[in-house]
Structure formats: structure tokens, C-alpha cells
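We have chain A already, so just place chain B on it with the hints.
These protein sequence lines are chains A and B, in that order. Under our numbering, the first residue of the first sequence is numbered 164, with each subsequent residue one higher. Under our numbering, the first residue of the second sequence is numbered 11, with each subsequent residue one higher.
What the hints contain is simulated information worked out from the structure, not anything from laboratory work. The beta-carbon is built from N, C-alpha and C at its ideal position, and this holds for glycine as well. Please note that a few of the clues may not be correct.
What the hints assert, rightly or not - Among the chain B residues that face chain A by a calculated CB cut under 8 Å, a handful are:
(1) Ile96
(2) Phe101
(3) Leu146
(4) Leu150
(5) Ala249
(6) Ser250
(7) Arg305
(8) Met311
(9) Gly315
(10) Thr521
(11) Gly522
Said to hold, decoys possible - Here are the in silico distance ranges between beta carbons for each label pair:
(12) A:Leu179 / B:Val25: 14 to 24 Å
(13) A:Leu179 / B:Gly441: 50 to 60 Å
(14) A:Trp189 / B:Lys620: 51 to 61 Å
(15) B:Leu657 / A:Trp189: 33 to 43 Å
(16) B:Pro482 / A:Asn190: 40 to 50 Å
(17) B:Val231 / A:Leu179: 37 to 47 Å
(18) B:Val223 / A:Trp189: 28 to 38 Å
(19) B:Asn381 / A:Leu179: 30 to 40 Å
(20) B:Thr44 / A:Asn190: 50 to 60 Å
(21) B:Gly257 / A:Asn190: 31 to 41 Å
(22) B:Gly242 / A:Asn190: 49 to 59 Å
Single-letter residue listing:
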Amino acid sequence: DFYVLLAYLLCLLSALLCVVYGLINWNRGE
Amino acid sequence: MLAQSVGLVEIIVVVIYMMVIGYLGWLGYRRTRTATDYLVAGRKVHPFVMALSYGATFISTSAIVGFGGVAGMFGMSLLWLTFLNIFVGIFIAFVFLGGPTRKMGHHLDAHTFPELLGRRYQSKFVQIFSGLVIFLFMPLYAAAVLIGGCAFIASQFGIDYNTALLVFSVLIAAYVIVGGLKGVMYTDALQGSIMFVGMIVLLVFTYVIVGGVVEGHSQMVELGKDPNIFGGIGFQGWASMPKFGWGAVEAAKGPNPDAYNLWWIVISTITLGVGIGVLAQPQLAVRFMTVKSRRELNRAMLVGGVFILIMTGVAFTVGSLSNVYFLTKEKVEGKLVSVTGVGAEKSEWDWVIAKKERGLNLKPEDGSKKNPFIGPDVKAVPCQMLHLDTSSDGNADTHLIFKGYGGAAAITPKAEIEGLAKGGDPKTFIGREVVVHPRATAYMRAIVKNADGTYECKTSRIIPYYIRSAMPKWFGLLFLLTLLAAAMSTLSSQFHAVGTSIGRDVYEQVTGRHGRSIGVTRIGILVGIVLAVIISYLNPGGGYIIARATAIFFGLCASAFLPAFIGGLFFKRTTRTGAIASMIVGFSVTAFWLVFVKTSEASALGLVQKFTGGKSSILADSPNWPVVDPILIALPLSILTVIIVSLMTKPSSKEHLADCFHK
Chain A
164 DFYVLLAYLL CLLSALLCVV YGLINWNRGE
Chain B
11 MLAQSVGLVE IIVVVIYMMV IGYLGWLGYR RTRTATDYLV AGRKVHPFVM ALSYGATFIS
71 TSAIVGFGGV AGMFGMSLLW LTFLNIFVGI FIAFVFLGGP TRKMGHHLDA HTFPELLGRR
131 YQSKFVQIFS GLVIFLFMPL YAAAVLIGGC AFIASQFGID YNTALLVFSV LIAAYVIVGG
191 LKGVMYTDAL QGSIMFVGMI VLLVFTYVIV GGVVEGHSQM VELGKDPNIF GGIGFQGWAS
251 MPKFGWGAVE AAKGPNPDAY NLWWIVISTI TLGVGIGVLA QPQLAVRFMT VKSRRELNRA
311 MLVGGVFILI MTGVAFTVGS LSNVYFLTKE KVEGKLVSVT GVGAEKSEWD WVIAKKERGL
371 NLKPEDGSKK NPFIGPDVKA VPCQMLHLDT SSDGNADTHL IFKGYGGAAA ITPKAEIEGL
431 AKGGDPKTFI GREVVVHPRA TAYMRAIVKN ADGTYECKTS RIIPYYIRSA MPKWFGLLFL
491 LTLLAAAMST LSSQFHAVGT SIGRDVYEQV TGRHGRSIGV TRIGILVGIV LAVIISYLNP
551 GGGYIIARAT AIFFGLCASA FLPAFIGGLF FKRTTRTGAI ASMIVGFSVT AFWLVFVKTS
611 EASALGLVQK FTGGKSSILA DSPNWPVVDP ILIALPLSIL TVIIVSLMTK PSSKEHLADC
671 FHK
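So that you can see chain A by itself, here it is in the shape it has in the complex (with noise of 0.2 Å):
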């Protein structure tokens, strides 16, 4: 059970990691 919370926790960081990346470098990169 442990290890399908650990996905579900996972699924909802990375999805956040995403758009923290992508408001951090928002005018990064040109």
C-alpha cells in the first residue's frame, strides 16, 4: 500500500516540480 502512496505523492511533486522549473526559468534561456 505504502509503495502506491509513494507513486501517488510522486505523481503530484513532479507535476509540481514542472511548473516551479517553469515559473523559476520563465525568462531564462533567450
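Just chain B, lined up with the frame of chain A:
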């Protein structure tokens, strides 16, 4: 029959949707002036359009209906695939691969994934081989999506499957051939938005239906403790991982070699096969070459991660939770047409097919049937069935298991008819309007009647049955648009990738005639579409290989392309010979494993039986190996090959490498 629920409003909405898609395709055509426009959308696409296009291309009907149905069978352990889809498919892909792919694509003036590899390694062979792999295998993957989309349209609108196939493929062909990648990406953005809204609504309504988040998941945990048809392969409930281990396990009837199979299916085939394979998908990698700078990739991530979370996360969660609905909430109202499978003799029982595999019901020693009452290629559950007419057209359209017989009684549904006492005879209700509580798991509820009169549990029907039974009627229309969008956005990119591979990567490289990329690609797209349509026309029911085509194609791309792709992007020391060797090893090992070792594909292809005297795998006597996905074997071998061969051979010239890795 659902066909009758599609009225004028639904038809008008779908026609408007198709017209908007047509307009966006035309807009793409108007803005296409050069080969760069046609092949990589002019390299100036808006980051949000790029992210939605990437996501909508990635997520097809296979992900929503196919894998959503698999979650209905096996539960939330599929969320590991969602995690890999987001972390590998978006974060790793955009942060680490996207930038170098975009940059090298520009420097080498590459317009397709095979062209990028070919120019990096200065090898015609690499480009042509990659182009051929895409051209030969992607139509199979496209056919899987096309069959799913057309079967759904045919059942929704009550039209002929072949008519749906013709209309659907002509419409997609029109805007892909005319509008190029700009047309594809504009339509993808709209389709991705529709998919996003559809899945959000599906999640919210599902939690309302099952009584809230905590209540729904608590019930799912409790219900998962009951005996289940998949218990023998390691199922431990929809909220738990399957049993992990390797080898046979002692059971009451002797050693059980399949006790850990489910873990290996969920992790090796579903999670790793698709989760890692995404990195080397040609139609996705080319998206990185459509933006003008690294900044656009950073901004695209804002949409990409959330989009994939909502798509696959919702499909897998709803698939799992559908068990709570089917087991505890569902009521089926209709006229009881007949009760079948009644009797004391096995020959009188109904046998509902639960698994299909060539030779599954045959004894290896003499080829006779293990169970004489069912076909040679199936495993079935003995039961008594109720057949209801729920649409008042006189035909039985809903088939439910009333009770199971023998050892199957514990794992089969025990349907209840309102007004019938426990142990009562359901035949007394024939011809009357009844209310039935199916009390079935999602898998045992998704029963279809095949053309040959047999009944079968179909994973692919779990999500459509759930939508039809549980969701409000208006959602059927939104879900129809969601599935149309999911199928069209994936198909358009598949056709575009097939067209560019046969046109630019194979034809131009083989003949040496350059400079007519748009015309040649258009012909290539047409050839790709015709191929996919022929496969779909010949296999209207899908067939096992078609059903597995998504995982097969993702795994094949990972093993054949990924080491050469990553080696080419990050390591100057990776050589042409190393790349060629790894592509051949990855492709060959995957092909060998699918044809001779992995039971599900090998038995469907049928070659292994000829070599082994009827066995479904050359490792049929070894536990677990026959369900291990080729990616676990082929990808490590392919990586080893690229490293060892590159170290033994000479790298490209310094001038060429300076051009590739130009800062």
C-alpha cells in the same frame, strides 16, 4: 444501445468541432511557406501550443481507454507509469533532452528525428534505418489508435465501422497533408484543451459518485481484499502493489509459476516500457525542434507536467475507482430477456472468456483440450448469466453474471435482483422489468457478446461502460469529444512522422533527390495513412498484437534509438559505428524477445510454437521470464553496445563535432 442516445445536439456539436479542426488545419496551410514550416512548424511555435501538442500527441485513446481499463483490472499501481510519464516524459525530456535536441537540430539543419541522428553521426545508414523502423512499425501503432477511435465512433453513432474508418482517416489526412506540422500543432492545442477539461470533469464526478475522496478510496481498499480473478498472478487489491518476487510459489494445487507475474507486467511492460520509451519517440522528439529557444521549453513545462498528470492520473484513478461503483453503487434497469447457464452439468453452464492466448486451453503433451466446453485459445469462468434489454428495442444488450459455479464462485459477481429472495430463481422474472445490482468488479462487468456467440470480459470496455452507466448523459458528449481529440491529436502526429520518415529520411536519402521535401512528405503521409487504414480494415476487432502495439512501439524505440540519441546529444566520443551497432542490437534483441520469449506477443505471432512443439515461449518452463518486457533486456544490451563499440572505434572529426556541439 448507446447509439440511440446520440441525438441532434450531439451531431451538431461534433460537426462544429470538425469544422473548427478543419479551420485550424487551413490556418496551418496558410502559414506554411517553406519546408521548415511544413516539417518543424517554422521553429517558432508558442510554448503553450508546443506543450499541449506534445501532451496531446503523447496521450491517445490507448492511454485513456486502454490503460484506464487496465487500471480497472489491476488498480492504482499504474500510477508509477503516471509518475514516469511526468518525471521522465516531461521533466527529464524538457530539461535535459529538449535543449540539446533543439540546439543540435538547428545547427545541423535537421528536420526529422532520423535526420538529426543521421547528421550527428554523418551516416546515411542511421537515417535510413531509423526512417524505415518508423515507417514499418508506426502504422501498427497508428492502427491501434485508429481502431480504438473508429470502434468508439461506430458504437456511439450507430454507423458502420468501415464508414467511420473512412470518414475519420480522410478528415485527419486532409489537415495533416495540407497543413503540415503547423496544422497538426494548432489542432493539437485545441484537442489538448478539450481533453484537459473532459478529464477534470470526469475526476470530479467520479469522486462525487463514490462518496468523496476518503470514502471512495477507503471502500476501494476494503473491496480489494475480497478474492479476485487475478489473485493467482499476485493481485493484492486495487490500492496495493502486486506481490513482488521471482520464481514459483508453493500453492494448494502444487507450485504456481505465475505468482509474481502481475508485478512484472505492471512494472516491466506498462511502467518501464511506456515510461522510458517516451524519450525516443520520433514524433515527440521533433517537437523540441519546433521552438525558437530554450526559454520556450522552460515555459512549456508549466503546462506539460500538469497536462500529463490530469490525463493519465485521472484515467488510472477513475479506472481503479470504477470498481467501487460497479461493486456497490450500480443499478441496471431493463427487461430481463433470458437467463442462461442454468443446470447441474458443466455442459449447461455459461463460460465467460477471461483470458485469450493461442493454445491456452490445449494440453502440451497431446494437443487435446483441457476444458472441452470452451475454445482452444481461451480461459473461461463458469457461470449463470442474466441478459437484459435496457433500451426497449427487444434485444438483450447488457450481459451480467448472476453467479459463478464451482471454484469460480468466490471470484465471480453475485448479482442481486430487487424483489428476488436470496437463493431464488431469476427465471421467474423473465419478461418483466427488473432492477439488477451487478455487484461485479470492473473487469467482470465489462462483458461483451462476440460475433461467434461467446461472452468475454474486455478491458477496453471498462471505461466506456463506466461513462455510460455512472456519468450524467451530457458527459457522454464531452467524453466523445475528449476521445475524438485524443485519437486525432495522436494520429495526426503519427501520420506526419511516417510521412517525413518515408519522404525525407528514406526516399531522399536513397535516391539522392533533395529539395522536394514538402511534396515527397505529402505522398509519404498518404502512404502511411493508407497502410494504417488497411491494417485497421483487416483487424476491426483489434487483435492482440494491435492491442499491444503502443507498448511494443514505445519499447522498440527505446531500445533501438535511445542509446544512440542520448550518446549523440551528450557525448562527443560516441561514434558512428557505436550508434549503428547499438541500433541493430536494440532492434534485434527486442524483435527476438517478442517473437520467441514474451508469451503474449510470441503466442499471437505463432512462430515460437513451430520451434518448440507448441509452447508459447522458449522459456515457458521458467517462471516469470515469459512476462518480462524486452526493454529490460534489449535496452541495457543496447547501452552496453554503444559504449563498448564507441570506445573501440574512431569518433567523428573535430570540425564536425564542433558544428554539432556549437555553443
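Hint-by-hint comparison with the structure:
1. Ile96: 4 Å, holds
2. Phe101: 6 Å, holds
3. Leu146: 34 Å, violated
4. Leu150: This interface hint is violated because 29 Å lies over the 8 Å limit.
5. Ala249: 6 Å, holds
6. Ser250: 5 Å, holds
7. Arg305: 4 Å, holds
8. Met311: Interface hint status for Met311 of chain B: holds (4 Å vs cutoff 8 Å).
9. Gly315: Cβ of Gly315 of chain B sits 3 Å from chain A, so the hint holds.
10. Thr521: 39 Å, violated
11. Gly522: 38 Å, violated
12. A:Leu179 / B:Val25: 14 to 24 Å: 40 Å, violated
13. A:Leu179 / B:Gly441: 50 to 60 Å: 57 Å, holds
14. A:Trp189 / B:Lys620: 51 to 61 Å: 59 Å, holds
15. B:Leu657 / A:Trp189: 33 to 43 Å: Given a distance of about 41 Å, which is inside 33 to 43 Å, the answer is holds.
16. B:Pro482 / A:Asn190: 40 to 50 Å: Given about 44 Å between the Cβ atoms, the range holds.
17. B:Val231 / A:Leu179: 37 to 47 Å: Distance hint for Val231 of chain B, Leu179 of chain A is violated at roughly 26 Å.
18. B:Val223 / A:Trp189: 28 to 38 Å: Holds, at about 32 Å.
19. B:Asn381 / A:Leu179: 30 to 40 Å: Check failed, 51 Å falls outside 30 to 40 Å.
20. B:Thr44 / A:Asn190: 50 to 60 Å: At 29 Å between Cβs, range violated.
21. B:Gly257 / A:Asn190: 31 to 41 Å: For Gly257 of chain B and Asn190 of chain A the Cβ distance comes to about 55 Å; the hint is violated.
22. B:Gly242 / A:Asn190: 49 to 59 Å: Hint holds: Cβ distance 56 Å, inside 49 to 59 Å.
Of the numbered hints stated above, those contradicted by the structure are hints 3, 4, 10, 11, 12, 17, 19, 20 and 21, listed in ascending order.
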